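Visitor: The primary structure of each chain is shown beneath.
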Amino acid sequence: MTMSGSKNQTLKSLIDAHGWLGVIISVALFIVFWAGSIIMFMPELHRWAETPAHPVDPAANDLPMATVVDNVLEQYPLNTEEHLTIVRANAQRPYHIFYIDLLGTAGTTTEVGTESPVTHPQDSVAELRIDPKTGDIVGDLHQFNLPDFLFRLHYDLRLPGGVYLVGLVTLFFLVLIFTGISIHAPKLFRHFFLYRPARTRNKLLDMHNIIGVMSLPFSLMFALTGLIFNLSLVFQIAIALALYQGDIGTLLEDAGYPVIEEAVAGEPMDMSAAWQTISDLETEYDTRFSLMRFHNYGDQNGILEVYWQDETQFIQGQEWYFRLSDGQAISENVRGNNVMRQGLEVVAALHFGTFAGFELRFLYFVLGMGVAGMIVVGNLMWLDKRKKQATTGTHRFISGMTLGGCMGTVVATSVIFLAERILPLDWVDRGEWIGRLFATSLSFYVIACCLSPQPRQMIRYGLFSSGVLALLTIIAGWVLYGSTQLPLWQDGYRAVIGVDLGLLAYAVLAFWVARVLSPRGIQGLAQNAPSAT
Amino acid sequence: MWSKTATGLFPGLLLTVSILLNLFYLLPWAQDTKLLTGLLFGFVAWGGIMSWCYSLKNAWQSLRVLFPLLILSALLNFWMMS
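Chains as they are written, first to last, in the numbering used here: chain A, -1 to 531; chain B, 288 to 369.
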């Protein structure tokens, strides 16, 4: 084979692989990017979902944490040999979050949202939101589940073994980036601004290439950091077996995850003195611990693990361990003294865009949505190419599954936004219904797309219906919580109306794109387009 | 395409892990530095090998290169372990 023949063969193989892989992982990858883009606004979504139903008075003073903890543990008995974890209320989320390892069968308590006492199994954990001003338990952590559901959808698709499935999809995404670069490299700069709207095929290809090139550094960073989160187990197993002879403890120590434990002494500790020690530590370190995890709470051998952000550093996390009896540090910042932990901090900061404020998260959102759009465009190109080869039934099925999966995700997301607003607050398993409604809506849309004689038109219907649902969500919010939304804005909780404005902008954009994609809209575009270059 | 995928995924992973172990034995760095470098290098190498497998005409062509490299790298590991 000649040199140019061999080059052509390589290019053909790469193009085939790029298209084939893209279609196979398109729906899962679309969901990961779609959900990942939305949860860039996770703090805002928490405030939007929770604060209208349970406003917190910002002018009131916080109750002492010791009082709050005593009050909560009276109702939810802690297994002191396990952990009590407290995430402090902050500007992002105005409630304390408590994770309490419950005391097995002895701990009969009233579950939030139910009226009768329940018995907790040995290993159960109570996850509660607490009003820091009154100490009241305002609800179960998962009562307003929309942000957490979207976050889990992003990293495990809410499937068993989903973390590894998403890891595998991310690995294929990395391969798509590598093959995409190899295919497009010779034209990377020459065709940087090329856009040929006259022919549908060229238009889709140019759109795919433009978004791909523009978002390349961002996509590459997301692929690599996502792989480290989801699939590093593969290398950990190999390294643990080959280099550490199965000694996981030493591996964790080297990786910056020391196991710090103390046996229970069996002698009770005066916790009011311990809370004073914690207060003294905060003064000494000139900080406010954002997370406190107690090991052996109430015991003489109690340990306090704390976490706080050092805003002066790029790698912000500080994680220390103290002895509760005398406030002595058992371990200095375990994150800062280990290259692996520091590296993972950088990976997390890059992945979640937490190092440069709201503007950076907005940029991540736009780029993430761009990649989600690129996936749909790539899908359409592959389907166009295969239209003549595939039998009509098969083609319609693949169209339905891929386009239906992507657009179904968009519609299902709008459904759960509306559900978060209108589901009754005292519904048992309210949070679980978010997942059920998402799965039902997505399945319904995929089936509808598979049965539709024109799957492409379902993109338009999906955009239109999700726009309507977004408007209904805004209206429902104002009908149900109209009297609290404006005071919340005045109190500085701007995210409530901010998310509503985002939904309004989305609805307008969805209607506009749906109009452009109508047969009349496409005809108009073709007539107005300049002649092909 | 499935055979190319399987080749890139499994022999590709084996070769990546083996090269990673070579680097662990050869590099004179601290353990935590090597762990982080290994993680970053590992995924890029695995993705690169998979992409290269897809660029060939069939899976057999890639196996003819991957297996000799894997044997060489594994032998180096055994030699350094002993």
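Possibly wrong hints are sitting among the right ones.
Stated by the list, open to error - In silico DSS-like cross-links for lysine-lysine, where the CA-CA straight-line distance does not exceed 30 Å:
hint	chain 1	residue 1	chain 2	residue 2
1	A	Lys185	A	Lys201
2	A	Lys383	A	Lys201
3	A	Lys185	A	Lys385
4	B	Lys344	A	Lys131
5	A	Lys383	A	Lys131
6	B	Lys344	A	Lys10
7	B	Lys344	A	Lys185
8	A	Lys383	B	Lys344
9	B	Lys344	A	Lys5
10	A	Lys385	A	Lys10
Stated by the list, open to error - Now the stretches of chain A that chain B is said to cover, found in silico as 3 or more residues with beta-carbon under 8 Å:
hint	stretch
11	248 to 261
12	297 to 306
13	317 to 330
14	499 to 511
If you are wondering where the hints come from, they were derived from the structure by calculation, not from laboratory data.
Bear in mind that the values here come from a model prediction, so they are computed numbers and not experimental data.
Just so you know, even glycine gets a beta-carbon here, dropped at the ideal spot from N, CA and C.
Visitor: Determine for every hint whether it applies to the structure shown.
Guide: Outcome of the hint check:
1. A:Lys185 / A:Lys201: Holds - the C-alpha atoms of A:Lys201 and A:Lys185 are around 16 Å apart, at most 30 Å.
2. A:Lys383 / A:Lys201: 14 Å, holds
3. A:Lys185 / A:Lys385: 27 Å, holds
4. B:Lys344 / A:Lys131: 67 Å, violated
5. A:Lys383 / A:Lys131: Violated - the C-alpha atoms of A:Lys131 and A:Lys383 are around 62 Å apart, more than 30 Å.
6. B:Lys344 / A:Lys10: 9 Å, holds
7. B:Lys344 / A:Lys185: 23 Å, holds
8. A:Lys383 / B:Lys344: This hinted pair holds, its Cα atoms lying about 21 Å apart.
9. B:Lys344 / A:Lys5: 11 Å, holds
10. A:Lys385 / A:Lys10: Roughly 19 Å between the alpha carbons, so the hint for A:Lys385 and A:Lys10 holds.
11. 248 to 261: As far as the stretch 248 to 261 of chain A goes, the hint holds, because 3 residues have Cβ atoms under 8 Å from chain B.
12. 297 to 306: violated (count 0)
13. 317 to 330: Violated: only 0 residues of the stretch 317 to 330 of chain A have a Cβ under 8 Å from chain B.
14. 499 to 511: The restraint on the stretch 499 to 511 of chain A is violated, since only 0 of its residues have a Cβ under 8 Å from chain B and three are required.
The structure fails hints 4, 5, 12, 13, 14 (numbered hints given earlier, in ascending order).
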